[in-house]
Amino acid sequence: MKKLLFQFDTDLHPSVFDTVVGYDGGADHVIGHGGLTPDNIAALVEGTIFTRAPKDKKNTAIFVGGSDMAAGQILFEAVQSHFFPNFQVSVMLDSNGSNTTAAACVAKLAISGTLSSKKAVVLAGTGPVGQRAAAMLALEGADVTITSRNLWNAEKACEAMKKRFNVEIYAKAAADFDERADVIKNANIVVATGATGVELLKPEHWQNNLTLEMLADANATPPLGIGGVDMMDKGIERSGKIVWGAIGFGALKLALHRACIAQLFEDNKHVLDAENIFSLAKTMA
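-10 is the number of the first residue of the sequence shown in my numbering; add one for each residue after it.
Hints may be right or wrong, so weigh each one.
Claimed, not checked - Computed cross-link-like contacts, DSS-like style, restricted to lysine-lysine with a CA-CA straight-line distance of at most 25 Å: (1) Lys107 / Lys174; (2) Lys47 / Lys258; (3) Lys152 / Lys107; (4) Lys(-9) / Lys258; (5) Lys151 / Lys107; (6) Lys44 / Lys258; (7) Lys191 / Lys161; (8) Lys(-9) / Lys47; (9) Lys44 / Lys107; (10) Lys223 / Lys271; (11) Lys108 / Lys151; (12) Lys174 / Lys108; (13) Lys151 / Lys271; (14) Lys161 / Lys145; (15) Lys107 / Lys(-9); (16) Lys44 / Lys(-8); (17) Lys191 / Lys108; (18) Lys271 / Lys152; (19) Lys151 / Lys161; (20) Lys271 / Lys258; (21) Lys108 / Lys161; (22) Lys271 / Lys108; (23) Lys174 / Lys152; (24) Lys107 / Lys271; (25) Lys191 / Lys107; (26) Lys108 / Lys145; (27) Lys107 / Lys145; (28) Lys223 / Lys108.
Stated by the list, open to error - Have a look at the derived ranges for each label pair, beta carbon to beta carbon: (29) Asp17 / Gln196: 48 to 54 Å; (30) Ala164 / Asn75: 50 to 56 Å; (31) Leu140 / Ser228: 27 to 33 Å; (32) Pro74 / Asn197: 33 to 39 Å; (33) Lys271 / Ile63: 26 to 32 Å; (34) Ile225 / Lys44: 46 to 52 Å; (35) Val260 / Asp13: 18 to 24 Å; (36) Gln196 / Ala240: 49 to 55 Å; (37) Gln196 / His22: 32 to 38 Å; (38) Glu255 / Gly36: 47 to 53 Å; (39) His18 / Leu199: 51 to 57 Å; (40) Leu140 / Asp57: 18 to 24 Å.
Honestly, the hints are just simulated from the structure, not real lab data.
Heads up, the beta-carbon is just placed ideally off N, CA and C, and yes, glycines get one too.
Take these sequences, add in the hints, and give me the full structure.
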C-alpha cells in the first residue's frame, strides 16, 4: 500500500523544500494543498481518515507547514479536532522548518556544553525558528532572552512561547550592532535567527566576550548573521567559543526532518510538534 503524505500549507503555494524532504523521508506520494485555514480543511481531513481500514491508516499522514508559525499552530490543532477514536492519522507541524531547525540547533548546543542555568540570547528571535529555539533552550533550563528591533514584537513572541510551552522568556529591543553587543555582554550562549542575509553581530562584538561559551547561526546566506562564523562550522572553537554554523547543524536538521516523516508512517497516532521533535533530535545529535 502506498504511503501518502498530505502537505497542508498555510501559504498559497506549498513549500518545495518540504515536498522534497517528504519524499526523502519515505513517502511514496506527497500531495500538496496551499492556502489552508481551519475553515477549509474539514473535507481534506475527512478524506485522510475515512478512506483506509484501521490497520492501513498508518500509510496516510498529514504534514502542516507554511511560513507563518502562528497560523500553522492553529491549523495543526484544527486538523486534530476532526479526529476521533479509530479515525485519525499521524500529523506533524514544522512551519518554516521551525521545529526541526530549532531542535537540531539546540540539540547540537546541548552536546557542546551545559544549557541549564546558562544565560542565552536569541538574536532576532521573533520568527518561527527563533521562537522555537528560545522555547527549547528554556525547556532545557536556560535563562533566555529574545531580541528584536521592536520591543513589542519581542514581547509578543515571549507571550506566545509562554502560552504554548509554559516557559518564561524575556524580551529586549536591540535595533543596531551596539545594542545587540550590549545585550550579549553577559550571555553564555548566543543563537542568531535573523532574516536571510542580515548581519546581526560583527566579529568584534563577540570574539573578546569573556562570558560567551557557545554560538549558533541559523543563516546560511552571506552575509551570515554572526560575522566571523562560517556556515560550515561544526562545533569548532573560534576565539575560545564553540561555534555552530547553519550547514554545520543543517545536516542534523535534514536527517531529523526525514526521520520524523518516516515516523509518521509507523502508526496512525503520532502527533509531532516541538517537544517530541526536539526529543528525537537529542537522540540523533
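Exercise. Compare the distance between the alpha carbons of Lys271 and Lys258 with 25 Å, and conclude whether the hinted pair is satisfied.
Key: Measuring from Cα to Cα gives roughly 22 Å; hence the hint holds.
Quiz prompt | Hinted pair Lys107 and Lys271, Cα distance within 25 Å | solution = The given pair, whose Cα atoms are some 18 Å apart, holds under the 25 Å limit.
Practice problem: Please test the hint of 46 to 52 Å on the beta carbon pair from Ile225 and Lys44. | Solution: Hint holds: Cβ distance 49 Å, inside 46 to 52 Å.
Quiz item: Quick one: are Ala164 and Asn75 within 50 to 56 Å, going by C-beta?
Solution: Check passed, 53 Å falls within 50 to 56 Å.
Quiz prompt | 25 Å limit on alpha-carbon distance, applied to hinted pair Lys151 and Lys161 | solution = 16 Å, holds
Quiz prompt | Pairwise hint evaluation, Lys152 against Lys271, where the allowed Cα distance is 25 Å at most | solution = Within the cut-off at roughly 24 Å; holds.
Self-check item: 27 to 33 Å as the expected CB spacing between Ser228 and Leu140, which holds or is violated
Solution: 30 Å, holds
Self-check item: Satisfaction of hint between Lys107 and Lys191, Cα-Cα up to 25 Å
Solution: 23 Å, holds
Practice problem: Take a quick look at whether Lys152 and Lys107 sit within 25 Å of each other, Cα to Cα. | Solution: 22 Å, holds
Practice problem: Using the beta carbons of Pro74 and Asn197, state whether their distance is inside 33 to 39 Å or not. | Solution: Given range 33 to 39 Å: violated, Cβ gap about 60 Å.
Self-check item: Pair hint outcome, Lys223 versus Lys108 [Cα-Cα no greater than 25 Å]
Solution: This hinted pair holds, its Cα atoms lying about 22 Å apart.
Self-check item: Consistency of beta-carbon spacing, Ile63 to Lys271, with hint 26 to 32 Å
Solution: For Lys271 and Ile63 the Cβ distance comes to about 27 Å; the hint holds.
Going through the hint list in order, the structure does not satisfy hints 9, 15, 23, 32, 36, 37, 38.
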